[in-house]
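Build out the structure end to end from the sequences listed, making use of the hints.
Sequential numbering from 1 applies to the sequence shown in this note's numbering.
Rather than coming from a laboratory, the hints here were simulated on the basis of the structure.
Take the hints with a grain of salt, since some may be wrong.
[Said to hold, decoys possible] Mimicking BS3-like on lysine-lysine, the simulated pairs with C-alpha atoms at most 25 Å apart in a straight line are: (1) 36 to 58; (2) 60 to 80; (3) 36 to 25; (4) 36 to 80; (5) 80 to 25.
[Unchecked claim] Here are the computed distance ranges between Cβ atoms for each label pair: (6) 19 to 56: 27 to 33 Å; (7) 55 to 25: 16 to 22 Å; (8) 96 to 26: 33 to 39 Å; (9) 73 to 34: 17 to 23 Å; (10) 96 to 22: 34 to 40 Å; (11) 90 to 62: 31 to 37 Å; (12) 59 to 32: 34 to 40 Å; (13) 1 to 77: 17 to 23 Å.
Predicted model, so just to flag it, every value in this text is computed and none were measured.
Here a beta-carbon is modelled for each residue, glycine too, at the ideal position from N, C-alpha and C.
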Amino acid sequence: MQTYYYVLASHHFLLEEEPLEEVLKERTRNYHEQEKEIDFWLVRNPAFLEAPEMAANKAKCPKPPVAIISTNSQFITWLKLRLEYVITGEFNAPSATIPDPLASLTAVS
Numbered sequence: 001m002q003t004y005y006y007v008l009a010s011h012h013f014l015l016e017e018e019p020l021e022e023v024l025k026e027r028t029r030n031y032h033e034q035e036k037e038i039d040f041w042l043v044r045n046p047a048f049l050e051a052p053e054m055a056a057n058k059a060k061c062p063k064p065p066v067a068i069i070s071t072n073s074q075f076i077t078w079l080k081l082r083l084e085y086v087i088t089g090e091f092n093a094p095s096a097t098i099p100d101p102l103a104s105l106t107a108v109s
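Structure representation (structure tokens):
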């Protein structure tokens, strides 16, 4: 089982108000230069919020939610400091309540 860390906020805040695209592009470029495997993902309407243990964070987050999920806790801490108005947390997966840590409830079009 793997521990996943996340930053959670509304779609509007993360993808429209914040320069998140720039941050993620820079992080991706840095990983490629270091030949490091990508360990973060942007997930719209993340399915992990449906787990009973996520009910409090799901209730706090404006809709529709977006999460940046990572196996790197330091990256999530850095994002929290950079973005300020986000919810952070962690979960272990796969589990009975979170079978796929990167699943989305939004259909890909």
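Q. Quick one, are residue 80 and residue 25 close enough, alpha carbons at most 25 Å?
A. holds, 17 Å
(Q) Please check whether residue 90 and residue 62 have a Cβ separation lying inside 31 to 37 Å. (A) Check failed, 21 Å falls outside 31 to 37 Å.
Q: Can you let me know if the beta-carbon spacing of residue 55 and residue 25 is within 16 to 22 Å?
A: Violated - the Cβ-Cβ distance for residue 55 and residue 25, about 33 Å, lies outside 16 to 22 Å.
Q: Take a look at whether the Cβ-Cβ distance between residue 1 and residue 77 falls inside 17 to 23 Å.
A: holds, 21 Å
Q. Between residue 36 and residue 25, does the CA-CA distance stay at or below 25 Å?
A. Status holds; Cα separation ~14 Å.
Q: May I ask you to test the hint 34 to 40 Å on the CB atoms belonging to residue 59 and residue 32?
A: Since residue 59 and residue 32 have Cβ atoms about 38 Å apart, the given range 34 to 40 Å holds.
Q.
So if I understand the rule, the pair passes when the alpha-carbon distance is 25 Å or less; does residue 36 with residue 80 pass?
A. Satisfied, since the Cα-Cα distance of roughly 22 Å is no more than 25 Å.
Q) Does the Cβ distance between residue 73 and residue 34 fall inside 17 to 23 Å? A) holds, 18 Å
Q. Residue 60 and residue 80: Cα distance at most 25 Å?
A. holds, 16 Å
Q: Just tell me: holds or violated, for the beta carbon distance of residue 96 and residue 22 against 34 to 40 Å?
A: Distance hint for residue 96, residue 22 holds at roughly 38 Å.
Q) Honestly, do residue 19 and residue 56 meet the 27 to 33 Å range at C-beta? A) holds, 29 Å
Q: Measure nothing beyond the straight line between the CA atoms of residue 36 and residue 58; if it is 25 Å or shorter, mark the hint as holding.
A: Answer violated: residue 36 to residue 58 is near 32 Å, above 25 Å.
Hint check: violations occur at hints 1, 7 and 11; the rest are consistent with the structure.
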